[in-house]
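First to last, the sequence lines map onto chains A and B.
Taking the working numbering, the leading residue of the first sequence gets 10, the next gets one more, and so forth.
Taking the working numbering, the leading residue of the second sequence gets 10, the next gets one more, and so forth.
Since the hints were derived computationally from the structure, they do not count as laboratory data.
Among the clues, some could well be false.
Since the list gives no way to pick one copy over another, a pair counts as held whenever it fits inside one copy or between any two copies.
The calculated lysine-lysine pairs, modelled on BS3-like cross-linking and capped at a C-alpha distance of 25 Å, are [unchecked claim]:
no.	residue 1	residue 2
1	Lys60	Lys116
2	Lys116	Lys37
3	Lys60	Lys122
4	Lys37	Lys60
2 protein chains.
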Amino acid sequence: MITWLNHIAIAVPDLSEATARYELLGGKVSEPQARVEEGVTVAVVTFPNTKIELLHPLGEASPLIDYLEEHPRGGVHHLCFEVEDIDAASTLLRSVNCRILGNGGPKNGAHGKPVIFVDPNDFHGALVEFEQM
Amino acid sequence: MITWLNHIAIAVPDLSEATARYELLGGKVSEPQARVEEGVTVAVVTFPNTKIELLHPLGEASPLIDYLEEHPRGGVHHLCFEVEDIDAASTLLRSVNCRILGNGGPKNGAHGKPVIFVDPNDFHGALVEFEQM
Chain A
10 MITWLNHIAI
20 AVPDLSEATA
30 RYELLGGKVS
40 EPQARVEEGV
50 TVAVVTFPNT
60 KIELLHPLGE
70 ASPLIDYLEE
80 HPRGGVHHLC
90 FEVEDIDAAS
100 TLLRSVNCRI
110 LGNGGPKNGA
120 HGKPVIFVDP
130 NDFHGALVEF
140 EQM
Chain B
10 MITWLNHIAI
20 AVPDLSEATA
30 RYELLGGKVS
40 EPQARVEEGV
50 TVAVVTFPNT
60 KIELLHPLGE
70 ASPLIDYLEE
80 HPRGGVHHLC
90 FEVEDIDAAS
100 TLLRSVNCRI
110 LGNGGPKNGA
120 HGKPVIFVDP
130 NDFHGALVEF
140 EQM
């Protein structure tokens, strides 16, 4: 079902510092992009086999504000796996008692593809996104 | 400097459950391996572009015991990036005020290669391992 690790998302308190750090380490870093609907500003770091998405709060309703209050240094926010069929993935995940966040079904994700997020309580404490490619 | 994401390590309270989950999701899962020196039992999940290492405490002195007390559901324990030269990586990381855990220099890692771990306080709240390949 999982075909690829799409990205690791890391919440950071200082986006400029974080992008400079990953550039120094050899990553190819994008310009920061506003994802208004998600309430985040994102800089994408590309490595040969995967990507890091550096996330910073955007706007007063950003869900990352609470996250960074709890984790002021930042932290690994979520992992994103690619799948071929989001409905088949949802069915499989529900069959092993994984609750899907939100309305329980796929929504349109940041890359314009259907995604689901699984409750971290049901996935070894990690917030995991599945994205149909 | 970073050439590849080697693995994401996830601490899990129930290794059998976690390996079954990742097999169901299409990962190729190894037999659990005891890494006595590190105090962990590891099952390696292989996906086309990277690996997940599922970690479970081994022995009474395992550093994962404290981790799982703090994170009883489990959690993303660390990320491991491959580098070409561990000494050059150490110098570069120190130049941006990253403290290297342990004695401050490389040690022999789980895959038989030199590794360093950077203090999460200095790396956006994430424990990051660098491994010379």
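- Query: Failing hints, ascending?
  - Reply: Violated hint (a single one): 2; every other hint is consistent with the structure.
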